[in-house]
Every structure is written in C-alpha cells, then in structure tokens.
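Q: Those protein sequences? They're chains A and B, same order as listed.
Sequential numbering from 126 applies to the first sequence in our numbering.
Sequential numbering from 1245 applies to the second sequence in our numbering.
Don't take each hint at face value.
[Stated by the list, open to error] In silico DSS-like links for lysine-lysine, alpha-carbon gap of 27 Å or less:
#1 A/K220 with B/K1359
#2 A/K220 with B/K1297
#3 B/K1308 with A/K223
#4 B/K1406 with A/K227
#5 B/K1351 with B/K1373
#6 A/K307 with B/K1376
#7 B/K1406 with A/K231
#8 A/K314 with B/K1256
#9 B/K1359 with A/K307
[Claimed, not checked] A short list of chain A residues far from chain B (calculated; beta carbon distances all over 12 Å):
#10 K148
#11 P154
#12 N216
#13 Y260
#14 K261
#15 K275
#16 K283
#17 K289
Don't read these hints as lab results, they were simulated from the structure.
Since this is a predicted model, take the numbers as computed values, not measurements.
Every residue gets a Cβ at the ideal spot worked out from N, C-alpha and C, and that includes glycine.
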Amino acid sequence: MEIRNLQKTEVLEVEESFSSNQKGSSAMPHKRNPVLSENLTGISRYIRSGVIPSLENVVLWHERDISHSSVERIMTPDISIATDFALNRLNGIIKNLKVYPKNMLKNLNMLGGLHRTHNIMLKLIEKGLKRQQAYKIVQESAMETWNNNKNFSQVFQKNKELNKILNSKEIVKIIKDDNDLKKIDWIFKNKIK
Amino acid sequence: MIPRYNRPKIEKIWSLENKFTIWTEIECLIAEKQAMLGVIPKKASKEIRNKAKFNVKEIEKIEKETKHDVVAYINNVSKYIGDSSKYFHFGVTSSDIIDTSFSVQLKQTSEIIRKNLVECIQSLKIKSKKYKDTLMIGRSHGIHAEPITFGLKLSSFYFEFKRNLERLDQAINEISVCAISGPVGTFNSIDPRVQDYVAKKT
C-alpha cells in the first residue's frame, strides 16, 4: 500500500521496477503502474479471507466430527501457496525498488517549510510566549499558505506579530534546520543491528 | 490454487503423494513403537517398514467404493505389505493419522514461509540502511507532517516484519502437535508412549 501511494504520479517518490519490454496498459503506452504491489493487495485480501473458516473450524461436535476436513483440504494449501507467492514477490519488490530522492526533496519543500510549524511554535514558547498565543500566530501563517497556495517561509517572514519576536534570519534558520537526522542516527545505531 | 501463483516446493508439500508419504511414515512409526512395547510382533513391524507403499491412483479408485479416504489408503498399502498388514493401523483411528500428518504438512510449509520472511527482513534492513539519510516528508492522515528519511520509513517495516517473525515462530510452535490417542482421545486402544515416540520422530 505504501509503495502504491508513493508511486502516484503526483508524488513519485518510489517506483516498482519496470522492465524494458513490460507494458503498463493496452490502451495507454505511457503507463508504468505499480502492478506488483496491487497484486499483493489482492492476494492479501484472499489470504485474510481464510481467517473466518479457520476460526469456525475450531467448533466441532462433541469429541470431534469431520466438518473441518473440507476447509483443511481446500483452504490450507491455497492460503499457504498464496502466502509463499506473496512473500517471495514482496522480497523482489523491495530489492528492486527505485527510489527518487530528488522528488522526495521537491515534495518536502513544496509548501516552503510548512513542515516546521512545530519547531517554530516551540521557539516562540522558548522566547516567552504562551503556548496558545504561539499556536495562533503560527497557524495564521500556515492557513494563509494553504488557502493561497503560497510559500510558508515567505508568508511567515511577513507576519508582523511574529517579526516582533523572531527575525527573518532566525525563521529561515529554523526552517532549514535538519537536526531530525541526528536522532535518526541514534535509532539506527541502537535499534537496527 | 491456480498455476499462476503456484511455486513448486510448496505445491509439492500439499500434494497427495506427500500426504500419503507422511501417513506411511506415521503408520510405520506407530508399528515400530508398538513392536518395542510388545503389542505387535517385531517381524510385523519390520515388514510394515520394508514393504509399505501406496499408489495414489489406486487409492482414489478404492475410495470410490469405501467413500472413506483413510480406509482406502489402508486397503491399498495392505496389499503391498501382505500378511503383516493386520498390524498396520493397529489400535489407532483415522484422525490420529490425518491430524498428525496435517501438522507435519503445516510445519513443512512454515519452514518455507519462515525462510521467505527472513529474506524480506534482510532486504528491508539493507534498504533502510542505504536510505538512512534520504530526506523526505513524513505524512500523517496523508497530509504533510514533519520530515523523516526514507530509511526510517523502511525501518518501520523492518521492525514490523521482525515482530511478524516472532508471531510466526509462536504459531509454528503451536501447530507442532502430534495426536495418536484413539477415536475419542482416551488412548483406549493405544499406548500413550506411541504418541510420544511419533512426536519425537516426525
């Protein structure tokens, strides 16, 4: 699902591999669809459908009966085979996944730093504002950015109330700050071994 | 399953050939232990082990008359064993064989599934490390939230799959069960030590 979402044309941060002779559509030669991931979405639906007969199979009469047998015969092989296929395909998708860091950066910056509202608000609180005041100031600029399709950084620099507390340079600094990465290093160092 | 999604190793596990092979192994082990306990003659156990074989097509043909697959199987194998066949399937019931064999098939399947899962975990680990510093937007509700890296995103799947592996291992442990306890589980006609013996050997 994640790959399907990130492969949407408007997003295009990752893409399944697409071989040179592969065809995306019978009608539209331009198409490069996430068909492998879509296939896994479908197979997963089928696999999950096995939960109901499996649970119902627990119920037998007295010491036992044979009502569970047909489910075991039909479903267990099919679900096992489907799961094996799906996991193998998934591994292939992960291994061959195309990643587009430039598009990731472009999308990250498409609203001019809107993703830094939390850090700006915290900075305002540090400088002495109440949380509610800080929230209001930042939200006003954020809403102007959304409503008028503007650049958040520029909108913010023109926010008079804010400029009393933070100058343009400080605002840009917060927006460009990528301290987040340092803690991601910590996660990788300590949790992924 | 339709051929499109069938991979040969797992398909083989669920074949009739494999099922009857497991049944035969279980039946031979039962006879072996019963011979050790003096329930059946040692000679019979040896003969069962050496001569027991089956033919899937013949079993299917017999089943048309018996309308019972285990009886059809026993009749077919008995033909190959000869005289000692009276000690084949001695004191046990169909479910002893079917349920134990089903567990063996599930266990064989889980070995393949487990291997796949471990490979996925490995791939996710390699990729998440590769993209550890690749900056991107993190989204909540589908809407831009705060920055993350693509490696961090992948690492969440890595951790999830590691937990999936733990769950699979728990399930494998749960299904690894042998039941050789007679028609209603009382061991009326079978020594409980036979069950322990089969459990250890399968």
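Q: Hints first: check each against the structure and report whether it holds.
A: We went through each hint and held it up to the structure:
1. A/K220 with B/K1359: 16 Å, holds
2. A/K220 with B/K1297: Violated. A/K220 to B/K1297 sits at ~44 Å, over the 27 Å cutoff.
3. B/K1308 with A/K223: 55 Å, violated
4. B/K1406 with A/K227: With a Cα-Cα distance of about 30 Å, the restraint between B/K1406 and A/K227 is violated, given a limit of 27 Å.
5. B/K1351 with B/K1373: 33 Å, violated
6. A/K307 with B/K1376: Within the cut-off at roughly 11 Å; holds.
7. B/K1406 with A/K231: Distance ~32 Å between B/K1406 and A/K231 Cα, so the pair is violated.
8. A/K314 with B/K1256: 43 Å, violated
9. B/K1359 with A/K307: 34 Å, violated
10. K148: Holds: least Cβ distance 18 Å, greater than 12 Å.
11. P154: 25 Å, holds
12. N216: Since the minimum Cβ distance to chain B is about 5 Å, A/N216 lies within 12 Å and the statement is violated.
13. Y260: Since the minimum Cβ distance to chain B is about 16 Å, A/Y260 lies beyond 12 Å and the statement holds.
14. K261: Answer for A/K261: holds, closest chain B Cβ roughly 20 Å.
15. K275: 15 Å, holds
16. K283: 21 Å, holds
17. K289: 26 Å, holds
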